[in-house]
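Protein chains in written order, with the working numbering: chain A, 69 to 411; chain B, 69 to 411; chain C, 69 to 411.
Any given hint could turn out to be false.
One copy or two, it doesn't matter: identical chains are merged, so the pair holds either way.
[Claimed, not checked] Dumping the calculated DSSO-like pairs for lysine-lysine here, alpha-carbon to alpha-carbon at most 27 angstroms:
#1 K239 - K217
#2 K363 - K71
#3 K182 - K363
#4 K269 - K71
#5 K269 - K86
#6 K188 - K234
#7 K239 - K188
Because the hints were derived from the structure by calculation, they are not lab data.
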Amino acid sequence: MSKTGAGNFFEDFSLGQKIVHATPRTLSDGDRALYAALYGSRFAVQSSDEFARAIGYPASPLDDLLVFNTMFGKTVPDVSLNAIANLGYAECLFSTPVYAGDTLSASSEVIGLKENSSGKTGTVYVRSRGVNQRGEEVLSFVRWVMVQKRNEKSAAPAAVVPLLKKTAGIKTGMPRLTPANWDFAQSGSPDRFDDYAVGEKIDHLDGVTVEEAEHQLATRLYQNTARVHFNQFAERDGRFGRRLIYGGHVISLARALSFNGLGNAFRIAGINGGRHAAPLFAGGTVFAWSEIIGKATQGDLGALRIVTRATRDVPCGDYPVEDGTAETPGVILELDYWALLPC
Amino acid sequence: MSKTGAGNFFEDFSLGQKIVHATPRTLSDGDRALYAALYGSRFAVQSSDEFARAIGYPASPLDDLLVFNTMFGKTVPDVSLNAIANLGYAECLFSTPVYAGDTLSASSEVIGLKENSSGKTGTVYVRSRGVNQRGEEVLSFVRWVMVQKRNEKSAAPAAVVPLLKKTAGIKTGMPRLTPANWDFAQSGSPDRFDDYAVGEKIDHLDGVTVEEAEHQLATRLYQNTARVHFNQFAERDGRFGRRLIYGGHVISLARALSFNGLGNAFRIAGINGGRHAAPLFAGGTVFAWSEIIGKATQGDLGALRIVTRATRDVPCGDYPVEDGTAETPGVILELDYWALLPC
Amino acid sequence: MSKTGAGNFFEDFSLGQKIVHATPRTLSDGDRALYAALYGSRFAVQSSDEFARAIGYPASPLDDLLVFNTMFGKTVPDVSLNAIANLGYAECLFSTPVYAGDTLSASSEVIGLKENSSGKTGTVYVRSRGVNQRGEEVLSFVRWVMVQKRNEKSAAPAAVVPLLKKTAGIKTGMPRLTPANWDFAQSGSPDRFDDYAVGEKIDHLDGVTVEEAEHQLATRLYQNTARVHFNQFAERDGRFGRRLIYGGHVISLARALSFNGLGNAFRIAGINGGRHAAPLFAGGTVFAWSEIIGKATQGDLGALRIVTRATRDVPCGDYPVEDGTAETPGVILELDYWALLPC
Chain A
69 MSKTGAGNFF EDFSLGQKIV HATPRTLSDG DRALYAALYG SRFAVQSSDE
119 FARAIGYPAS PLDDLLVFNT MFGKTVPDVS LNAIANLGYA ECLFSTPVYA
169 GDTLSASSEV IGLKENSSGK TGTVYVRSRG VNQRGEEVLS FVRWVMVQKR
219 NEKSAAPAAV VPLLKKTAGI KTGMPRLTPA NWDFAQSGSP DRFDDYAVGE
269 KIDHLDGVTV EEAEHQLATR LYQNTARVHF NQFAERDGRF GRRLIYGGHV
319 ISLARALSFN GLGNAFRIAG INGGRHAAPL FAGGTVFAWS EIIGKATQGD
369 LGALRIVTRA TRDVPCGDYP VEDGTAETPG VILELDYWAL LPC
Chain B
69 MSKTGAGNFF EDFSLGQKIV HATPRTLSDG DRALYAALYG SRFAVQSSDE
119 FARAIGYPAS PLDDLLVFNT MFGKTVPDVS LNAIANLGYA ECLFSTPVYA
169 GDTLSASSEV IGLKENSSGK TGTVYVRSRG VNQRGEEVLS FVRWVMVQKR
219 NEKSAAPAAV VPLLKKTAGI KTGMPRLTPA NWDFAQSGSP DRFDDYAVGE
269 KIDHLDGVTV EEAEHQLATR LYQNTARVHF NQFAERDGRF GRRLIYGGHV
319 ISLARALSFN GLGNAFRIAG INGGRHAAPL FAGGTVFAWS EIIGKATQGD
369 LGALRIVTRA TRDVPCGDYP VEDGTAETPG VILELDYWAL LPC
Chain C
69 MSKTGAGNFF EDFSLGQKIV HATPRTLSDG DRALYAALYG SRFAVQSSDE
119 FARAIGYPAS PLDDLLVFNT MFGKTVPDVS LNAIANLGYA ECLFSTPVYA
169 GDTLSASSEV IGLKENSSGK TGTVYVRSRG VNQRGEEVLS FVRWVMVQKR
219 NEKSAAPAAV VPLLKKTAGI KTGMPRLTPA NWDFAQSGSP DRFDDYAVGE
269 KIDHLDGVTV EEAEHQLATR LYQNTARVHF NQFAERDGRF GRRLIYGGHV
319 ISLARALSFN GLGNAFRIAG INGGRHAAPL FAGGTVFAWS EIIGKATQGD
369 LGALRIVTRA TRDVPCGDYP VEDGTAETPG VILELDYWAL LPC
């Protein structure tokens, strides 16, 4: 009996199955600093204890996507080590903020299974949930992945595809904030909720070239063990001939780029859906643009529904929508999410 | 109206103009660790709480250049996003030490403006000031940058060039230190203030090759958004055909190298002047040498006035002074500063 | 008189000589986060305060090899700056755990000297010892290095080769742990002490490709100043034509890879012996496998004696033992150590 985890295959999942993920992780200001160095994010609430306290947080919360990526990493050894593709995300809700010193752990439930017509792979739907050391939910999300079968001849399970909401909703598990104390000079943007209109498009202008060392450092920080990100010896002969960059790294890059245009959109409330349209490799330059597709209020705050698209090697001045491929530049990420900002 | 910052052009500055910079930033031991990993600095005061307490600090202060680079980064989106060149620094004074947990914010005042004869660019002089969460000044400095005009036909403002001091002076905003408790074995150098003579030259011996991932991590840690450092897609067709390394990264590399020969020069009191003589690109190896050009005492401490020169791809055994260019090895930095050490 | 350290040569060492090393270092959660990003280690005790407290630690201790590498780094300027080769380790004992906020300092004693027959080099044996701010020993180890002579004509000292134990033993300087509270779901492995048999071999499966920026960040984090790791300008004309990766980086990589198969082996109690069989360079992919060569109990815990071998560019499915060279793939590290795990 091998003691090493080779990951689960499609046959290893069953509907309703619950999985406790290793390894619990205490996040700290060290993780915050690394996240800063990896993405250069400038949202004031996550950068300054003083700014965060002025609006009602007890201290500066950690970046929502640091929490997301940390949680995601925990699910990899059990859910997606043998995944061929990360197909999508839905119903991702951020609730209790996470602070330096909090310990996160994660579990998942299998909520859907569907063998593909090829008989070689199947799609697994899981709802993953992260809690802090007090058992308070900090994040939950659904994702679905295409997973290899161990044996092509295994019988297919009854197909169950969960009905997923088109919007994640917005949770209220956050401190009572005082957006009236928002300092628009310090935050780096004069634009508040009312300044954004549905249909508005924003080119985030900047581009950032990604290096192998950077995405490897990030992906390890998240304790994500997916092999395609780290092993050039194996990937040389793999699908792309090189290491594939973890999709969550692209999400974090796009969010950091979006500061230029969405500087007060300080918190991701939920991710309604997400799609990795094409792969990213080291040497590629990531650009991003956003479209406002909805507006709502949430207590004293406004919520913008935003679709951010990240591209590889395509500046976003004319708001490109065409998917890239491994060979051709184009859109690599489409992320539909709610972000909060002061009214 | 665009919501994205494209940076200020020469016409956007006016004499006496005050600018509040985004984003306030709480520095932590995470930033300290990253700074260590990026530069390998070994000054005992910034490395050990115990060493720092023995001489009178409440805890180990953060590296002066981490503070400088953090402050500098804040000024970039407002001052130098459209800069063609960082021309110089002066009157840089470090005052209240910065500790893990302190939150820094920055503002600037325009103190000089002079259009260049070409009519295409102008020089902007700003005095920038950083304060902690109690409003205590931690750092102030003057820098001047060559900035593009938005429109060549704009009228030139009245030329005002500030008179700048040749020496920054030395501020007293520091704890009452007890250099008698200095442990010369633990600090890594037996040499105290009296052991250095004006005119003395020191080759710092070591060389360090810089990688793209390293300078990008550093520059993002400082929330410095200048595009030339990150975007290979654009820079491929730019002035140098590649990403330019942030000048503050070179200053930090030179200071860390200078430990070998100036091991007890534990605090930068002020920077009298600085000049980036030539660009640095990834793959270049940085060496450094220093000359002692002045001595003074400051309370119980001695202050050495030092000119440190960093080179690209030139070992410093014979104290090179010739400037490099983008193509040829040579001096890339000349930094004139005061450093404190025990008598 | 030069103020810069050029390192000690063989003639500079004398039997019984005691060396206090610079620079004391306060380790923090920032170092923990960087260590995570550099190696992706997933041992629960070092990842989660909650997990660590459940079994009796006051908080999550820092990784043993972060402590080892930090200590090792301190010895480099005095012991191995002019080393040609790190020949071996022995009698390495980890005792008091190290927590964020602890300050480590290091000293060494010369316990052996032997000139080599060539007359150009000699072997220096030192026992190095690291203590925390309360003077409690956290680590001690013997290492021997081949060091250049300053002058071939210097007389050879009397040869003294210390008798070293074949096993480091296991120290008891640790909190009273409660392994009964071990959560095998959260730790990521169901396997406890009794599940391992002497003679058992484990392929750790994963491979990780190392980048220049990564090993440089790591080696600087440890304040290790050995020049061969950083200076491509000099190494271009050196032994290998490129930068050599610090051996301790390989040890940390191998230990992190070993999680997959040894997930509950949460603490290194001692290193019995170690050998760097071949060099590692950037671009190489590191794999690892382990063999259980002994078992013992230590209070309520079990101790496995493990030999972990790391390879360069050789997957470990058939447990390779052949040494690599600078040119040929093969074993690059052989590490014989005791690790603790719940019974």
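Verification of the supplied hints:
For a Cα distance limit of 27 angstroms, the shortest separation of K239 from K217 qualifies neither inside one copy, at 37 angstroms, nor across copies, at 47 angstroms. In this assembly of identical chains, the alpha carbons of K363 and K71 lie at most 27 angstroms apart only when taken from different copies (17 angstroms versus 51 angstroms within one copy). Taking the closest pair of Cα atoms, K182 and K363 never come within 27 angstroms of each other, the shortest separation being 35 angstroms inside a single copy and 46 angstroms across copies. Taking the shortest Cα distances, K269 and K71 sit within 27 angstroms of each other only across copies (10 angstroms), while inside one copy they are farther apart (52 angstroms).
For the homomeric pair K269 and K86, neither the shortest alpha-carbon distance inside one copy (41 angstroms) nor that between copies (31 angstroms) is at most 27 angstroms. Proximity of K188 and K234 under a CA criterion of 27 angstroms is satisfied in neither setting, with 29 angstroms inside one chain copy and 52 angstroms between copies. In this homomeric assembly, K239 and K188 never come within 27 angstroms of each other (Cα to Cα): the closest approach is 39 angstroms inside a single copy and 52 angstroms across copies.
The structure does not agree with the numbered hints 1, 3, 5, 6 and 7 stated previously, though it agrees with the rest.
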